[in-house]
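Here the protein sequences line up with chains A and B, keeping their order. Using the UniProt record's numbering, the first residue of the first sequence is number 1, and each one after it goes up by one. Using the UniProt record's numbering, the first residue of the second sequence is number 1, and each one after it goes up by one.
Do not take every clue at face value.
[As the list claims (entries may be wrong)] FRET-style restraints, in silico, Cβ to Cβ:
#1 Gly7(A) <-> Pro120(B): 33 to 39 Å
#2 Ser111(A) <-> Lys221(B): 36 to 42 Å
#3 Met174(A) <-> Glu161(B): 55 to 61 Å
#4 Ile112(A) <-> Asn41(B): 46 to 52 Å
To be clear, the hints were calculated from the coordinates, so they are not data collected in a lab. Computed from a predicted model, the values in this text were never measured in an experiment. Glycine is no exception: its CB is placed at the ideal position from the N, C-alpha and C atoms.
Number of protein chains: 2
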Amino acid sequence: MKILYDGKTKQVLTDEATGDMYLLFKDDVTGEDGIFDPGSNTVGGSVEGKGKIGLKISQYFLKVMEENGIPTHYLGADLDKGLMKVRKLTIPPLEFVLRYFTAGSMSRRFSIEEGLPFDPPYLEVTLKDDEQGDPLISERLALMKGILVEGQYDEGLDILEKVGEVLKKELAEMGLTLIDFKIEVGYDENGKIYVADEITPDIWRVRDKDGNIPNQVECSKLILEKIN
Amino acid sequence: MKILYDGKTKQVLTDEATGDMYLLFKDDVTGEDGIFDPGSNTVGGSVEGKGKIGLKISQYFLKVMEENGIPTHYLGADLDKGLMKVRKLTIPPLEFVLRYFTAGSMSRRFSIEEGLPFDPPYLEVTLKDDEQGDPLISERLALMKGILVEGQYDEGLDILEKVGEVLKKELAEMGLTLIDFKIEVGYDENGKIYVADEITPDIWRVRDKDGNIPNQVECSKLILEKIN
C-alpha cells in the first residue's frame with residue numbers, strides 16, 4: 001500500500017497491485033491547546049482507538065446516506081485495520097458547509113450571537129487552504145481557478161442540503177441537535193457527484209439534550225452507544 | 001467643532017451650533033513598513049499636504065458622480081481648512097468593493113494570478129472590522145446583524161456599479177486603468193442612498209500606461225495634474 005496523501009486525521013492509500021483506494025483513519029484529533037475542536041486546522045492531540053471509531057461511525061453514516069439515495073464514495077471497510085475502501089474520485093479542495101444555527105467561526109467573524117437559527121439553512125463553500133484560513137469562495141472564483149466546472153457548485157450545494165436533512169434527522173434520533181457540518185464531494189470519470197471523505201463528529205458540531213456542545217471524542221462515544 | 005470619530009485617514013466632525021457635519025482629511029497614509037497600500041488597515045506614514053489633496057480630489061470625483069446622476073453626501077468644501085461639508089447619513093460599517101481585474105488580497109487569498117479580467121465586474125461586500133480582517137459578508141448576515149434592511153444590499157451593489165462605470169471612464173481619460181475600488185454608502189432619514197466617504201486614490205487601485213501600479217501618493221500627483 002502506498003501513501004498518496006497524509007492528512008491531519010486521515011491518510012489516503014492506494015493498493016498498487018489492484019489500483020484500489022483506501023482511507024486510513026488516524027488516532028489524531030484536531031484542536032488547539034488540548035481543546036478538541038472539529039473546526040480547527042491543527043492536530044490538538046491523539047486518542048487511542050479514535051481512528052477505528054471514526055471508521056465505524058463513517059461506515060454507519062455513509063451507509064445511511066446511500067440508503068437515502070445519496071451517492072457516497074464508500075465501497076467497504078476493514079474495521080480491524082482501520083481502512084475504508086473508497087471510490088476513486090477527483091476531489092476539489094473545497095468544503096461544503098451547512099449551518100442550522102450560528103456558531104463558531106461565523107459568530108466570531110461577524111460578532112453574531114451563537115445559536116441563532118437559520119431557516120432555510122445557511123450554505124457556504126470554503127477553499128481548503130490552511131495558510132489563508134479556508135476563505136469562503138464564490139462559484140465564479142471556483143470556476144476561474146479551474147477547481148469546478150459550470151454547474152458543479154450548485155450540484156455540491158444540492159447534495160449538501162440532502163446530506164443535512166438525513167444527518168439532522170439521524171442525529172435527532174440519537175438526542176443530538178445538529179448545529180453545523182461540512183462535507184467534501186468528489187466526481188467520478190463521468191462527472192457523477194459523490195459524498196467523499198468521512199461522516200463523523202469531526203465534520204459536525206451538535207448540541208446534546210442538556211444544551212452542551214460535546215467535543216469530537218465525547219460525541220463519538222455517544223454515537224457508538226447508539227449504533228452498536 | 002466636536003470630533004465624532006477619529007479614523008485612520010479622516011476625522012468626522014460636527015459643528016455643535018448648527019448640527020452640520022464635516023470630514024477632515026488627514027495627512028496620514030495607509031500601508032505597512034513604509035509601503036503605501038490603499039488596501040491596508042494600518043497607517044504606514046504621513047505626507048504633508050496629503051489631506052488637502054485628498055479633499056480636492058474627492059471634491060472633484062464626488063461632483064462628477066453628482067453630474068452623472070449618482071447622489072453623494074458632498075455639500076461643499078473649504079480647501080484651506082481641509083474640511084468637506086457632508087450630508088448627515090446613517091452609514092453601515094460596510095465596504096462595497098468592485099473588481100475589474102484580480103489583484104491584491106483576492107489574488108493572495110485564492111492564489112489567483114493578478115490582472116485577470118472580470119466581465120461583468122466582480123462585486124463584494126465586506127464588514128469593516130480590522131480585527132477580523134474585514135470579512136466578506138452576505139446579504140443574509142447583514143440583515144441578521146441589523147446593519148441593513150431588506151433591499152439595501154442590492155441597492156448598494158447597484159450604486160457601486162454606477163460609480164464604477166463613471167470612475168473607470170474618468171480615470172481612463174487620465175491614462176489610468178481602474179483595477180478595483182471600494183465605496184461606503186449612507187442613508188438619509190427617508191432611506192435614500194448616497195455615496196459617502198471619499199473618492200481618492202485611497203479607495204482604488206489603478207494601472208498606469210506603463211503597466212505599473214502607482215501608490216496613493218504618486219497617483220494623487222497624477223490626478224492633481226489633470227484636474228487643476
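Going through the hints against the structure:
{"no.": "1", "hint": "Gly7(A) <-> Pro120(B): 33 to 39 Å", "result": "38 Å, holds"}
{"no.": "2", "hint": "Ser111(A) <-> Lys221(B): 36 to 42 Å", "result": "39 Å, holds"}
{"no.": "3", "hint": "Met174(A) <-> Glu161(B): 55 to 61 Å", "result": "49 Å, violated"}
{"no.": "4", "hint": "Ile112(A) <-> Asn41(B): 46 to 52 Å", "result": "21 Å, violated"}
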